[in-house]
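Chains as they are written, first to last, in the working numbering: chain D, 2 to 589; chain Z, 92 to 333.
Don't take every hint at face value.
Partial list, derived from the structure: chain Z residues whose beta carbon lies under 7 Å from chain D [as the list claims (entries may be wrong)]:
#1 Ser134
#2 Asp138
#3 Ala148
#4 Ala215
#5 Ala224
#6 Arg225
#7 Ser255
#8 Leu260
Derived contacts from chain D toward chain Z, CB cut-off under 7 Å, selection only [said to hold, decoys possible]:
#9 Leu440
#10 Arg441
#11 Asp443
#12 Arg455
#13 Leu464
#14 Pro467
#15 Thr468
#16 Leu472
If you are wondering where the hints come from, they were derived from the structure by calculation, not from laboratory data.
Backbone N, C-alpha and C define an ideal beta-carbon position, used for all residues, glycine too.
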Amino acid sequence: MRRQIKLIIASLCLLAPVAQAMAQALDALSYETVEPPRIKLGESATLRITSFGRLKDVALPTIPGLVFEPIGRSQGFDFVNGTMIPANFILIRVTPQFAGVFTIPGLTPNSGSIGLEVVKGDEPDPYTWRNQQPAPAPVPTATLPKGVQLQAGGAAFIHLAIPAHSIYVGESVPVEIDVGIRPGIVTSVNGLPTLKGSDFTFSNLSTKPERREQIIEGGNFVVLTWHSALAAVKPGDFSLSTEAPLTVKMSALSSADRAIASRLAWPLLQSMYNGVAPRDMTIESSPSKLTVLPLPTEGQPGNFSGAVGDFRVSSDISPASVAAGEPLTLRLHISGAGNFDRVDSTMFDHLDHWKTYPAKSSFTPVDAVGTEGEKVFEQPLIAAQPGEQTIPGLEFSYFNPNTRRYERAQTPPIKVTIAASLASGTFNGATGMQSPLGLRPDHRPAQYSVGDLRPLYFRVSFLALPTTLALLLAAGWFAVRPDPARANLKAARRALAQLDAAARAGDFMSFFETARHVLLQAFAARWQIPADQITGAELKARLGTTGEELERLFAIAEEARYSDHPPGGADFQRWLRLIRGQLAGESR
Amino acid sequence: MRARGISMLFAALALWVGPAFAQSLQPSQPSQPSQPSQPSQPSYSADGLYNLANSYARAGKPGLAVLNYERAALLAPGDPDINANLAYVRASAHVPMQPRSRLAGLVQAISPTLAAWLGVLGLAVVGMALVSARAASRLRWLRGGWIPGCAMLLGVALIALSASNAMLLWPRMHEAVVLIDQAPARVAPVPMGDTAFVLREAESVTMTAQHEDFILIRTGAGLTGWVARASLGAVVPPAGND
């Protein structure tokens, strides 16, 4: 029993590495795919892990720009070399966050990394094979134009397409020439088609006609089309046709010989093939009728240049504002359909206040033959004087075949502003005159000048002047300050003079009144009190006995004021001495 | 005695002002109007600058023409020829011109030099009126009062006129004219600075600051930028520099 246990343990130990190896082998039998490998930003791809063994949970990788989200796991079958093998699947949704090429490392042991390309929009997939050449369009089937027959043994045809209606002399009408050839039979076209008839002018044909392939009457034809313009030089009924030189492989045998040869067997049939050789020939279109009408003479404008068609006119000028003496360009635009080779305009031969130059013209066609387009006439003009000027409208006359009458097209007048020329001012030296070109003339040479453009009041040297002046005036103001002592002295002198005069005249009333007033004013100034507050007691207190004398003087003055008689004690000299003594004391 | 002192004060003022006034005017050499040339010594006259501007205008240089018209207008603001040609050249160069108010036109009708002297005269008149009123107690001819009053009024008016003229003229001390067409105004005072906008030749701008070879300017529309010094011409050139 123990031996059996040992045997089992030994067997298990021996089988363990094998089991481990098998497990590793099963793990190794797995692979990963991502579908689709190329997605747009905003879409998601599916990462599928296929395993043929035990499938463990896998750790989701961390890749900047990619978000991994497990969808689930399932079981199924996978085909390996045509054999269906059971397999386990783990599905993971991969959502990109920005565009780029990402590498997703293997999520299972021994599995390789896979790539995922994320694009922003509808960029072409460089890995997808495309045929750059578009599929050839099927050759259209067409019929021969009416009245046209195959020529050169059915290998070519020619057709002239002209207007069915009548035209006018000089009118330019478009025409088409179609030459159909069978490739291989017509070996070459040996020249441009030509128009038969000398009464028409034919614009130059292009050496590179339009080319198209058509199936006509069961055969492949290459149809060459030339566009041109035709104009009649004189009126009348005409028959028009065109012809073109070709080289065609044709049999030299007659039709009877070809019939005999066709009945013979080879090698005699070879003679029929040997009779086929290139041959130069000219094919001609069937004639077409065209009526050409004369231009009416009635109502023909004097400036009619022969233009026939339907035209529109306009004009412009550039630049719209220039200085006098500078050129500007006047343009006349004539557009529409017609014979532009006869459209002509001399613009302005003469224009007041303008210098005119010959006009130049240029034509820009909008179709292949030049019957439609625009012709521009450019005329340089130079204004002779400034100001706002008006250029008259331009007139263009033509014959309109649609209305069957002459028409005059006129452009509106154009206003331009001409500035005065800066480079041509006058130098007459007269002041106050506006020159014709806007710049006033020079002045006479200056008599005085300054060394600094700064105004005086912004210069320090000048500002010293008013400052000094202000200081001087301030000093003067203080210097003339009034002196009260001197003023009192002069007032006292004037008062004494008045008192002397009154004493000599014996005018006691005036004497005493003046004396009282002068003394009160003097005492008021001396004692710095109001004059009406000076009383007898005040005088006694300040002047003693003299005060008593003065009090008596004031009493006499009061008496003299209210009495017509002379007061007692009217000793003028004594009072004068007293008053002089008081005033002199004050002045001291 | 006092009247004698006042007379001496007047005499001193006359002796002080006279030479200063005479020094402010000095004879000039006649300029050559037909040749756009700069004098070697700065010597400006309204007529000379006007003729020089005319020659620049005829030579098709509106920037230099406007600069010299502006300088001429600084010396003779009431000259109709200068103002007419300045307006004409600006219009030809398609440079807008700021309209001037009537008051500014009235005040700036007199030349700054005259305004300066009138201001000095006004100051003297006011000062003398005050001194006279102070001394009126002993000057009988001034006792009436109306003479000092009128003199005071006149003096104050003259001072106000001079001050107004100076205040209106002060911004032009920092004005400059663009001398080059399509002169770039850069965002930084370096040659490789980005261009903020371009200036039209003959356009007037205000200089607000400077850094090496660049000047910070402000246009009439309020735009600011650094412009190369060589592209501008100051209306009032710095002292000692034309």
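Against the structure, the hints:
1. Checking Ser134 (chain Z) against chain D by beta carbon gives a least distance of about 5 Å; that is within 7 Å, so the hint holds.
2. Contact between Asp138 (chain Z) and chain D, as hinted, is supported at the beta carbon level, the nearest pair being about 4 Å apart and thus within 7 Å.
3. The closest approach between the C-beta of Ala148 (chain Z) and any C-beta of chain D is roughly 5 Å, which is under the 7 Å cut-off, so the hint is satisfied.
4. Below 7 Å, beta-carbon pairs count as interface contacts, and Ala215 (chain Z) has one with chain D at about 6 Å; its hint therefore holds.
5. For Ala224 (chain Z), the shortest C-beta to C-beta distance to chain D is roughly 9 Å, which exceeds 7 Å, and the interface hint is violated.
6. With a cut of 7 Å, the hint placing Arg225 (chain Z) at the interface with chain D holds, because the nearest CB-to-CB distance is about 5 Å.
7. Hint status for Ser255 (chain Z): violated, given a least beta-carbon distance of 11 Å to chain D, over 7 Å.
8. Because the smallest distance between the Cβ of Leu260 (chain Z) and any Cβ of chain D comes to about 6 Å, under 7 Å, the interface hint for this residue holds.
9. Interface restraint check: Leu440 (chain D) against chain Z, minimum CB-CB distance 6 Å, threshold 7 Å, status holds.
10. Given the 7 Å rule on beta carbons, the hint for Arg441 (chain D) holds: about 4 Å separates it from the nearest Cβ of chain Z.
11. Interface restraint check: Asp443 (chain D) against chain Z, minimum CB-CB distance 5 Å, threshold 7 Å, status holds.
12. Given hint, Arg455 (chain D) at the interface with chain Z, holds; its Cβ is 6 Å from that chain's nearest Cβ, closer than 7 Å.
13. Nearest Cβ of chain Z to the Cβ of Leu464 (chain D): about 9 Å, over the 7 Å cut. The hint is violated.
14. Interface restraint check for Pro467 (chain D): the shortest CB-CB distance to chain Z comes to about 5 Å, inside 7 Å, so the restraint holds.
15. Hint status for Thr468 (chain D) relative to chain Z: violated, with the closest Cβ pair at about 10 Å, above 7 Å.
16. With a cut of 7 Å, the hint placing Leu472 (chain D) at the interface with chain Z is violated, because the nearest CB-to-CB distance is about 10 Å.
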